[in-house]
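Quick mapping for you: the protein sequence lines, in order, are chains P and Y. If you read the first sequence in our numbering, its first letter stands for residue 1, the second for the next number, and so on. If you read the second sequence in our numbering, its first letter stands for residue 464, the second for the next number, and so on.
No lab work stands behind these hints, which were simulated from the structure alone. Just so you know, these numbers come straight off a predicted model, no measurement behind them. Virtual Cβ for every residue (Gly too), placed ideally from N, Cα, C. Treat each hint with caution, since some may be false.
Computed, partial: chain Y to chain P, Cβ under 10 Å [what the hints assert, rightly or not]:
(1) Leu514
(2) Ala516
(3) Gly560
(4) Trp686
(5) Asp688
(6) Val852
(7) Ala861
(8) Ser877
(9) Leu881
(10) Arg886
(11) Lys922
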Amino acid sequence: MNVTRRGMLRGAGVMLALPFLDSWRPYWAAAKDGTAVGPPLRMAIYTVTGGTVIEAWKPAEAGKLGKLPSILEPLEPLKDQLTLVSGLSHGGEAFGCAHTTCARKHLACSSPISVDQAAARAVGGESFLPSLEIGMTNHQTKFSYRDGAALPFEMNPHLVFDRMFKGRAPAAPNWSKRQAAQAKAVRESAKSDSVEQSVLDAVVEQAQGLRRDLGTSDKRKLDEYLEGVRSVEKRLAFVEARQKLEADEAAAKVPLPTFPPYSHFEKYTNQWMVWRNPEMHGEYIRIMSDLFVLAFQTDTTRVITAALGEDNAMFPGVVTAGGELQAHALEHNGNAPKNQKPNAVAREGCRQIHTWYTKLFAEMVAKLQKIDEGGSSLLDNCLILYTSYMADGGHGMEDYPTLLVGKAQGTLKSGWHHAYPVGTPVANLYVEMLHRMGAKVKSFGDSHIAKKQAFDGRLPGLG
Amino acid sequence: MNFAAVTDGRAADYSRRLWRKALAQIEAGEMPPADAKPLPEADRVTLVRWLKAMEAQAASPIRDPGPALTRRLSRPEYNRTIRDLLNIEFEAGEVVGLPDESQGHGFSNQIGVLDLAPALMEKYFAAADIALERALGPVGAKEPQRAVAPKPPSVEEPRPPEPKLVGKGPLRVQYKCAGAKAADNQLRPHVQIMNDSREVVPLRELTLRYWFTADGAMEFQHWCDYAKVDAKNVTRSVKNLEKPVRDADSYLEVGFAGATLEAGSGSGEIQLRLAKHDWMPFDQANDYSFDAGRTAFADTARITLYRNGKLIWGTEPTGVPADPKAVPDPPIPTIVAPMKKTSRDALLFTKPGDGVTPRQAAGKNIEAFAQRAWRRPVRKAEIDALLAVYDRAVGKGADFTEAVRPALKAVLVSPYFLFRVERRPEHDNSPYHKVSDHELAVRLSYFLWSSLPDAELAKLADEHKLSDPTELERQTRRMLADPKARAITENFGIPWLQLGSLSIARPTAEFYPGYTPSLKEAMYRETVLFFDALRQEDRSLMELLDADYTYVNEELARHYGLPGVTGPEMRRVTLRPEDHRGGVLGMGSVLTLTSHTYRTSPTLRGKYVLEVILGTPPPPPPANAGVLKDEVKGKPPKTFRESIARHASVAACAACHGKIDPLGFGLENYDGVGRWRPSNADLDTSGELPGGEKFAGPAQLKSILLKRDDQFRRNLAEQMLAYALGRPVEECDESAVAEVQTALQQDKMRFSALVVAVVKSFPFQHRRQEGTNP
C-alpha cells in the first residue's frame, strides 16, 4: 500500500507542479548540497501602513548616511546596518480599489508570486516552515501570493507560536557543528511511525479511493487535498528528524520571551481591539516582533512577511497634532489633493505615526543584533526590508519607502543611501534580494517590461 | 453584450440569457445608445419580435442541472458542522485562523472561492485536535468526575467581610482594575457576575452600573474588549445623574442581549473600556467604583447590580443599599440546571466491558461518529481503516479514550468530512441523475442550516422518504422555521446585501463626528434583525424595498430622528412616512457602506441599486478609467451634482455613469452615514432611471422600484439559486429561475415560497454526469 501511496502522492505533486516547473528551475538549482554550513541568510519583509512622509524619510543626499531623517531616527544607533534605497516604484497591473491595487503591486508587482514566496521556494525546503506570514491584513490588503492566490496571514500570536513549536521545543541550531550531510538528512527525513502518521495514512487512502471515482475537475480538488496532507506529513517527519539533529549537535535551548498569559491572546483575534488603542497596538507589535526573532533564531523558517500596520487604526496619544486620530483619514488629509492643499497638521500626524512604527521596529532590530550565531550576529545574517505598501497616504506609487536592514552576510553596501532615478521598478530590488537568497532569477514581475525599466532589472552599486 | 459564442443554431438555442438580456436593453431604450443613430420604429419592432422568438425557442427545455462540482465546506459551514456534531462551542476563525472565504462580500459557499491551499490543511488538522479536546477533554486527561452541584449558600453563612458596603447574594459582582493609574485617558474596569443560587439566570434580566465622575466630558466612547459570554452580547451606555453626588456624576450601564448565567457559576470575565470622545484624561481618584488596589477579582459593592431594574447587589453612591428583601423577589424558581449529557459521553457511548472488547467498543463509537460526520452510511472497510489508527495507538500504549481519539481525528480530516461528496450511481450513463436521498438531505441542510442533517432528516434519508415531494416540502418548512436557519440570514442575506463592507466603511471623525463604533454595530444589527424577521415570520420579500417597521436602539433612533426610544437594546419600531425610513435603502448600514469617507457617493449608491436590488450590475470600469480627480480644471463646478456630472462628459465614462449616477442621486437626502437631510437649493435629489423614468427623492425611487417587482423577483430567484447550488447561475438554469420567479409571484413573495421553490427546482435535485454537456 505504501509504495502505491507514495507514488501516487508524488504523481499528484508533479501534476500540480507542472505549470511552474520550468520557471522555478533556477530556484531549485540553488538548493545545493555543498559542505559549507554556517548560519544561513534569512530574508524578511516588515511592512507598515499607509506609505510614509517622504521629506521625513528620504535624506537629501545620496551616499554615506549622515544624520537620519526624523522617521528613521529611532534606527540611529544601528546606522551601519542600514541600506536606504530610494526612487523605487510600484509596477504591474492590478484591479480593485486603491488599497487593493497597491497591496497587489507591493510585493508581487502584480505577478503570480510575491518576492517572499519566491524566496521561500528557493530556501523553504531547508527549514521547518517554508515561510511565515504574520500580522494584520484585511481583505483589501493582501501582500503574499503564490500561483496568483493570496496567502492568509496569521494574526493571532498564539496560533503563530503553536504553528512554530507544536511538538518541539524552541532550540537554536548550533551552526558551527552542523554538517551538510546532517542538513540533508533532515530534508529527506524518513516517514514517521507515530499515531499521527497512521491518521495521515488513513485519510490518504480514502482520498485515493475517492479520487478514482470522481470526474476530472473534482480530481483537482482531491489533488489539492493530497498536496495539503503531504505538507502535514512532511512537517511531521521534519519535527522528528530535527529533534534528533538538535540532540546530536547540542543545540542551545532558547529561553522564551515573556509573553502575556494565554487568555490575553484572545484579544488579538479581533483586529478592531488592536486598531483603536495604540497601547494595545504597540503591545501587539512587540509580541509579533518577539515571535519574528524567535522564528529566525530557532531556524523555524528563513522567510518572514510581517504586516504590522493598519489603515483603520486610531492613534490617540501618538498623534498630538490636530483632532483627527484615524490613520486613514490622516493619510488622505495629509496627502491627497481633495479640492484642497495637503493639510500640514494631518501630515505631521502621519509623520508621528511612522516614527512610532519605526521605534517599535528598531526595538526588534536591536534584539536581532544581540543574538550571537557563533561569530556573527543574527542581524548580520538577515536581509530585512522595512517598507509600506504605498508611497504615501494618498495611494502614491512612486518613490516609495524601501529600507534594507541587516548586512545580508556582507552582500550590501550598508550605511549608505542608494538613490535611483524615481520610477525605477521595485522589482529590481526584489531581483537583488532573491539573488542574495540564492535564487539567481533573471527577472521578477515587471522588472523588464515596466515603462521605466532600467539597469537590466538590477540595482547596480547596491552591494 | 457579447454574441461571439453564438456560432451556430445549437449555440443559439443554448443562449437564452443572452437573448433575454438583449431584449431587455432594446425594450428599455438603452440600445442603441442615445448618441448612436436611432433605430427606425419598424426595425425596432421587427428586432424585438425576432429576439422574442429566439428566446422562446431557446427556452425549449434542454434538461441540464449544471456543472457537478465537489465543494469543500466553507468556514461558516465547517464551524456549524463541528458544533452540531460534537455539541461544543467552536469558531475555527479564532481557534486556528481558518480564513473567511466571503472576502467581505460574496457568498462564502461558492465553488470559486473554496480552494484548498496546503496551509489550510494544516489548520484543519489543528482544528480537529482542538475540537476533540473540547469534546473529550485534553489529551491524557483522567475520566472527568461528575461535577457536584454547588451547595447553595445558606443565609447564615457570612460573606467575606467588605467594610460596610456588603452586598447580599445570591448574585455578586466581582471587579478587577485593569489600569491602576488614576490619571488615564481610559477607564478599564473588568467585571464578572457570580451566581451562587440554584437558578439559571437569563443575563438579559441583569444590568450593572460602574459609577464615575466624567470630569467635564459630555460624550464618551466605550468598548467591551472581551467577554466570556461573547462581547456581542454585552450592551453599554453612559448615563448622567440628574443630581451628581460626591464621587459620581455618571455611570456606565452594562446590559446583556443574550446568554445565561448557569447555576453555581459565573459570567466569566467582561473587559470594559471607556474613553472620552476627545480622548482627554480622566481623574479616577474620586471615581466611586474605581479601586486601583484590586489587582485580582474580588467582590465589590461599589459596582451595583440590578435585576429587572431592581437593585440586588451593592450600594449606590447615593447611599441606597441593595434591599435584601428584594432578593427573593422574583421568587427563585426551582429550575436547577439539568445535568447535561456531555459531549464525551455522547461520543463514547459504547464502553468496553460486559463481553464487549475494547476494539469492538471502539468500532461502534467510530462507526456512529463517521456516519454522522460523513453524512452517509459507512462501509465496513472504511471502519476497518479507521480501526487501524486505533490499533496503532493501542500499540503505542494508549488507553481506550486516547486510542479512539486519533481515529475520530482521522474522521474529521477525511475528504469525506471536509468535502461534500456526491457520487454517480453505478452503471448509470445518462447525462444526469437524481441525487440520492442522503445527498438530498445534505444539500438541504447545508442550504438552510449551513450544517449537517439532523436525526430526523438522516432517518428520512435512510428510509428513502425524503425525495417524496410532499415530505421534502414539509421538511423544508420545518427546517426554515428552526432557529438553525438563521444561517441563511448570515450566509445568504448579509453577503447578498454586502453588509460585510460596513466593517471597512470609514467615515472620518472630521466629517461625521457622531459615527461611533456602537452606532455602526446598531446599523449592522438593524439589517440583520430585519432580514431574519422576514425569514422567521415568513413575510413578503417586497419589504426589503419598503416596510413600515424597522429595528433600532436609542442611539440609532436618535441618528434617524425617531423619537421615544431609550436603552441600548434593539427593538422593532413602527415607521411613519415622514420618518423617511423603511426597507434596506433607508438603512444606515447600506447608506454608509455606499459612501466615501467624507461625502456620499451617488455612483456607489446607484451601483448598489443596480447590482444588489435589481441584479443588473454595471460592467466594471475600463482599465484606463481612473478615478474622478477632484482637482478643478477650468471652471469649478457649482454644485456637487455638477462635479459628479463630469463623469458624463467623458465618453468612456458616460455610457455607464449615465445609468448609475442618476439613480444614486435619488438617495442624496441621506448623508454619508445615512442621516436625513431635507432637499434644498444645494441638494438636488432628482434622478432618472435607465429608460428615462424620472423621479425625485427616495420615496419616489422606492415606488418605482416596487413597480419593477419583476426584475427584483428575477434577481431574488437567481441569488437564492446561486447560494443553494454553490455556483453562479448559468444558461442551463434558465427554466429553474423562471419557475422560482413564478412560484414567488403566486405565493405573495413570501420568504418560504422562494426557499421551497429553490428546493423543488431541477438543478437542486439533480446532478450532471461528469464529462457530459447536454
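Here is how each hint holds up against the structure:
A least Cβ separation of about 33 Å between Leu514 (chain Y) and chain P goes past the 10 Å threshold, and the interface hint is therefore violated. For Ala516 (chain Y), the shortest C-beta to C-beta distance to chain P is roughly 35 Å, which exceeds 10 Å, and the interface hint is violated. Taking 10 Å as the C-beta cut-off, the interface hint given for Gly560 (chain Y) holds, the closest approach to chain P being about 5 Å. Satisfaction of the interface hint for Trp686 (chain Y) is found here, the shortest Cβ-Cβ separation to chain P being roughly 7 Å, below the 10 Å cut-off.
Interface restraint check: Asp688 (chain Y) against chain P, minimum CB-CB distance 5 Å, threshold 10 Å, status holds. Evaluation of the Val852 (chain Y) hint against chain P yields a held restraint, the C-beta minimum of about 5 Å falling below 10 Å. The beta carbon of Ala861 (chain Y) comes within 7 Å of a beta carbon in chain P, closer than 10 Å, and the hint placing it at the interface holds. Against a cut-off of 10 Å between C-beta atoms, the interface hint on Ser877 (chain Y) holds, since the closest Cβ of chain P lies about 5 Å away.
The beta carbon of Leu881 (chain Y) comes within 7 Å of a beta carbon in chain P, closer than 10 Å, and the hint placing it at the interface holds. A cut of 10 Å between beta carbons decides the hint on Arg886 (chain Y): the least distance to chain P is about 6 Å, and the hint holds. With its C-beta approaching chain P no nearer than about 25 Å, Lys922 (chain Y) sits outside the 10 Å limit, and its interface hint is violated.
Comparing the model with each numbered hint stated earlier shows that hints 1, 2, 11 do not hold.
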